[in-house]
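Asks: Okay, here's what each chain looks like letter by letter:
2 protein chains.
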Amino acid sequence: MAKLPAQLQNVALFFERLPGIGAKTANRLAFYLLRMPEQDLKLFAESIAQLKSSTKKCKICLNLTETDTCNICADLQRDKTRVTVVEDVLDLLSFEQGNIYDGIYHVLHGKIDPLNHVGPDDIYISPLIERIRAKSTNGSAVREVILATNPDMEGEATAMYIRNQLQELKEKHNLTFTITRLAYGLPMGANLEYADYMTLGKALENRNAF
Amino acid sequence: MAKLPAQLQNVALFFERLPGIGAKTANRLAFYLLRMPEQDLKLFAESIAQLKSSTKKCKICLNLTETDTCNICADLQRDKTRVTVVEDVLDLLSFEQGNIYDGIYHVLHGKIDPLNHVGPDDIYISPLIERIRAKSTNGSAVREVILATNPDMEGEATAMYIRNQLQELKEKHNLTFTITRLAYGLPMGANLEYADYMTLGKALENRNAF
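Each protein sequence line maps, in turn, to chains A and B. FYI, in this note's numbering the residues of the first sequence are 1 to 210. FYI, in this note's numbering the residues of the second sequence are 1 to 210.
If you are wondering where the hints come from, they were derived from the structure by calculation, not from laboratory data. It is possible that part of the hints are untrue.
Chain B stretches covered by chain A per the calculated footprint, using a threshold of three residues with CB under 8 Å from any CB of chain A [to be verified]: (1) 42-50; (2) 59-69; (3) 89-98; (4) 117-126; (5) 168-182.
Beta carbons: idealized from backbone N, C-alpha and C, even for Gly.
With these hints in hand, go ahead and build the complete structure from the sequences.
Replies: Here it is in structure tokens:
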């Protein structure tokens, strides 16, 4: 194979390491960059170089932020008595884009996944328990913890583990907050003909008065 | 929508400008970078910043290179009497990966595409004609020019335009090189059942004694 110029090769090889990008796409992206304005590339390079150092975890909810506290936790308008637990920041963003939720979050940064050697102590579960404990016992009540991990095997296991830990906490300190889980059912706009039977089963099981 | 940390946002927005990458994928890639080693990100940033300045066009064939002459043109083993004309460097790489060709190239860096306002003078056609003229008239013979533009409408038009220019050159200087075009037919491993009729028609038209 013909040797590409070194920097072009470097850029292509790096792209290839990213998820969902194969060798051909990586090459195509690197060549595409070559046609972009020099100024834009310099800015992109700078953002990448500073990415990690300028991004930290919110000290309350572990959302990503540039400051100590993320803008959601700092927002006085938000309902601090409801905490939604998500696996990662992209999940949090999904909630935020629809203006459907005005509580606060807790980001686990992962899920319990024994096959990939991720146990409960490898993700931010104990900071969650400690946070709920501290909040509840110092007067700023928590009314609800919403478990919003993904509806797959690992997400379910994670939700169940956290539920048990929270139950224990409730009993120990005699707390009254509720623990909820996102509903299962048909996605909006779905077609029954193409729905899988697991989803359909859940939709049937959780049917509502109408 | 919740505000992401600025550099993360910048990186995601830049990814979104690349071909084939939408908003969701761009976010996912930016978050992925965040989990990579700092050192790797710094190297990537450096490669991107230097990409354009460290990459130039070979003064003979217009392939991309770090030096004045690309390693293909500089290679004494290669047959300098055959020149394959390709649309861009990625096409050249396709030839090079199979060890199927030992001649040299000419990279057009585009194709004639009137709908997108790309005319013959916007790509490197006249340097090709001049190169063939200079080569042929100063004794280092050209025996064959292989037109390897893509088998689509613009690629065909480009090949035809170049063929006409080369014919004119041949007549004017009484040159004898041949002009060829890549064969059309069934791709290897294809299934007749799924072949489109245009390809099948070409395969029939160009059938060989067997």
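Asks: So which of those numbered hints doesn't the model satisfy?
Replies: Structure breaks hints 4, 5.
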